[in-house]
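A.B. asks: Spelled out, the chains give:
2 protein chains.
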Amino acid sequence: MQKSIRKIAITGGTHGNELTGVYLINKFKTDPSIVKRESFETIIMHTNKKAIEKCTRYIDNDLNRAFGESDLTDSAKSSYEDISAKLINQTLGPKGVESPNVDFIVDLHSTTSNMGLSVVIDNENELTWQVAAYLKEKEPKVNIFRWKGDTGDASFVHSVAQNGFAIEVGAIPQGVIRADLFFETEKLVHHILDFFEKLNLGEVEKKHGSIEIYDYVELVDFPRDENGNIIAMVHPNLQDNDYVSIKKGDPLFVTLNGETITYDKDEVVYALFINEAAYYEKGFAMCLTKKKMIELEG
Amino acid sequence: MQKSIRKIAITGGTHGNELTGVYLINKFKTDPSIVKRESFETIIMHTNKKAIEKCTRYIDNDLNRAFGESDLTDSAKSSYEDISAKLINQTLGPKGVESPNVDFIVDLHSTTSNMGLSVVIDNENELTWQVAAYLKEKEPKVNIFRWKGDTGDASFVHSVAQNGFAIEVGAIPQGVIRADLFFETEKLVHHILDFFEKLNLGEVEKKHGSIEIYDYVELVDFPRDENGNIIAMVHPNLQDNDYVSIKKGDPLFVTLNGETITYDKDEVVYALFINEAAYYEKGFAMCLTKKKMIELEG
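For the protein sequence lines, the chains are A and B, in the order given. Quick note: the first sequence uses the working numbering, first residue 1, plus one each step. Quick note: the second sequence uses the working numbering, first residue 1, plus one each step.
It should be emphasised that the hints constitute simulated quantities derived from the structure, not laboratory data. One should not assume that every hint holds.
Taking lysine-lysine and the DSBU-like style, the derived pairs with C-alpha atoms no more than 35 Å apart in a straight line are [claimed, not checked]:
#, chain 1, residue 1, chain 2, residue 2
1, A, Lys49, B, Lys54
2, B, Lys247, A, Lys187
3, B, Lys282, A, Lys54
4, B, Lys54, A, Lys148
5, B, Lys282, A, Lys50
6, B, Lys187, A, Lys247
7, B, Lys54, A, Lys27
8, A, Lys54, B, Lys49
9, A, Lys282, B, Lys29
10, A, Lys50, B, Lys50
11, A, Lys187, B, Lys248
12, A, Lys50, B, Lys247
13, A, Lys282, B, Lys248
Please model the entire structure based on the sequences and the hints provided.
C.D. replies: What follows is the structure, encoded as structure tokens:
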């Protein structure tokens, strides 16, 4: 595990209508002492400025899918978000080098799904998992979701550093700040900063043993007609029940006419990002996961 | 009260990201027999087609504020929504005449606020109030909000007919369908259609006596800094508590730094549209109302 942390970045507004991150960064900009620690530098950044201004997820395309290796090197990619991604990569990265400008990125998101306090991890780096384990120890209600991503490449904002993850909090509608989750998210940021401070001071012990995670299985789309129109909704029994077990025969959807569609596989799964607004256009109604224990390195 | 109803209109998607109405209209278009009654014609209509396609509230400006007398007659007004309003006015109105093309308009909305099943009325016409009274009798949990509007003119979609109102259901994030509220909204539509059928058949008795409503008092904006940036959020005690009484000293907001801001007037009020996403840009965090009984005519 990396021994010394020089710089970490807290980013928000990658999706301009996810206001928890936008306003936390506002708060930290107004009073940078809140996120200051003695042993390293904390960079705070609004990542998608135009989308924040317009309170929309993105201007041209999803910024949080614009950090693939090929996206960052393809000069033909020139949308607002493509250019933003390249600039962010210059500031916080560059991606893929051994020693990028920042050692860790926490990207703050919110979701319309009832995900509570979630950490979304898509890398296998030891430091990332140590931070997640620390966070779960401090706030046991935090859930850890290991996502392989939906683009087949690590294309999230935090991927420009070697280590990092996204924090997803919900349920929060797009374009809304909820005070309860605002303060809870801020608490997670403080725990993360404290972790790095302790790490630099040699006060944090490397965690061993196992940690509970929800591991990606598959994305499930809404039932649609031949023209792609959605013809069934998330079933009321499943709505708001992210991280609750689903077994064969449990309802997943209900059609507009009231017929129930059930889960028909044998494996017990747990749905996440249930009925997330931003994923209607991506073509999924939820992400199914398996609960498992994974071993921390060391 | 009007004795014979010839045509009524159910409209949805006036705000393209309020999916309850969008998908109810989809359902009714797929099977028009659902909204067919013997004694009158039911028109079903998506009002803001481009905004529905883009799943956004509006393209150029709020369609549900584009039906003022002056908006409809000013030929210089030519945004997408301005033109849409004029076309809708031709189809369902024209506004202001004694006998417009439809006798009643129900415009289907959703809100990120926890408004449950609400009827928003901004006219004093007897038929409108009789329908509202019938609806409340059938579904006692329906709340009636009398709003004077925020533009100083009846500029809502339903204003092009002599009678009508908006149905607001929530809490639903923008861009999301919730099955529970979808079916509850549909039930309200059926009650309304049944009312008109009974009215035409002489089977409905005119209601007398009084009815409980929430009456507009004032709009309250978020606390902001000198640049207009929001610096306080709806207080957790108030969040999700639409239609709950607020008295002097009760918390309204909490600043980003955690300081509480209280309600400081003597009059007991009830907040509605608490933390509605679409109203951040309009400059209000909630609408304060008084609970009162009003007399039905007759």
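A.B. asks: Each hint needs a verdict: does it hold in this structure or not?
C.D. replies: Status of the hints after comparison with the structure:
Between A/Lys49 and B/Lys54 the CA atoms are separated by roughly 21 Å; this keeps the pair inside 35 Å, and the hint holds. Only pairs whose Cα atoms come within 35 Å are accepted, and B/Lys247 paired with A/Lys187 is accepted, the gap being roughly 31 Å. Distance hint between B/Lys282 and A/Lys54 is fulfilled; the C-alpha atoms sit about 13 Å from each other, no more than 35 Å. With a C-alpha separation of about 28 Å, the suggested pairing of B/Lys54 with A/Lys148 holds against the 35 Å cut-off.
A C-alpha spacing of about 19 Å is found between B/Lys282 and A/Lys50, which places the hinted pair at or below 35 Å, so the restraint holds. With a C-alpha separation of about 31 Å, the suggested pair B/Lys187 and A/Lys247 falls inside the 35 Å cut-off, and the hint holds. Between B/Lys54 and A/Lys27 the CA atoms are separated by roughly 32 Å; this keeps the pair inside 35 Å, and the hint holds. Using a Cα cut-off of 35 Å, the hinted pair A/Lys54 and B/Lys49 holds, with the two alpha carbons roughly 21 Å apart.
Among the hinted pairs, A/Lys282 with B/Lys29 is consistent with the structure: their alpha-carbon atoms are about 25 Å apart, no more than 35 Å. Pair hint A/Lys50 plus B/Lys50 holds up; C-alpha atoms about 22 Å apart against a cutoff of 35 Å. Among the hinted pairs, A/Lys187 with B/Lys248 is consistent with the structure: their alpha-carbon atoms are about 31 Å apart, no more than 35 Å. With a C-alpha separation of about 40 Å, the suggested pairing of A/Lys50 with B/Lys247 is violated against the 35 Å cut-off.
A distance of roughly 47 Å separates the Cα atoms of A/Lys282 and B/Lys248; the hinted pair therefore is violated under the 35 Å criterion.
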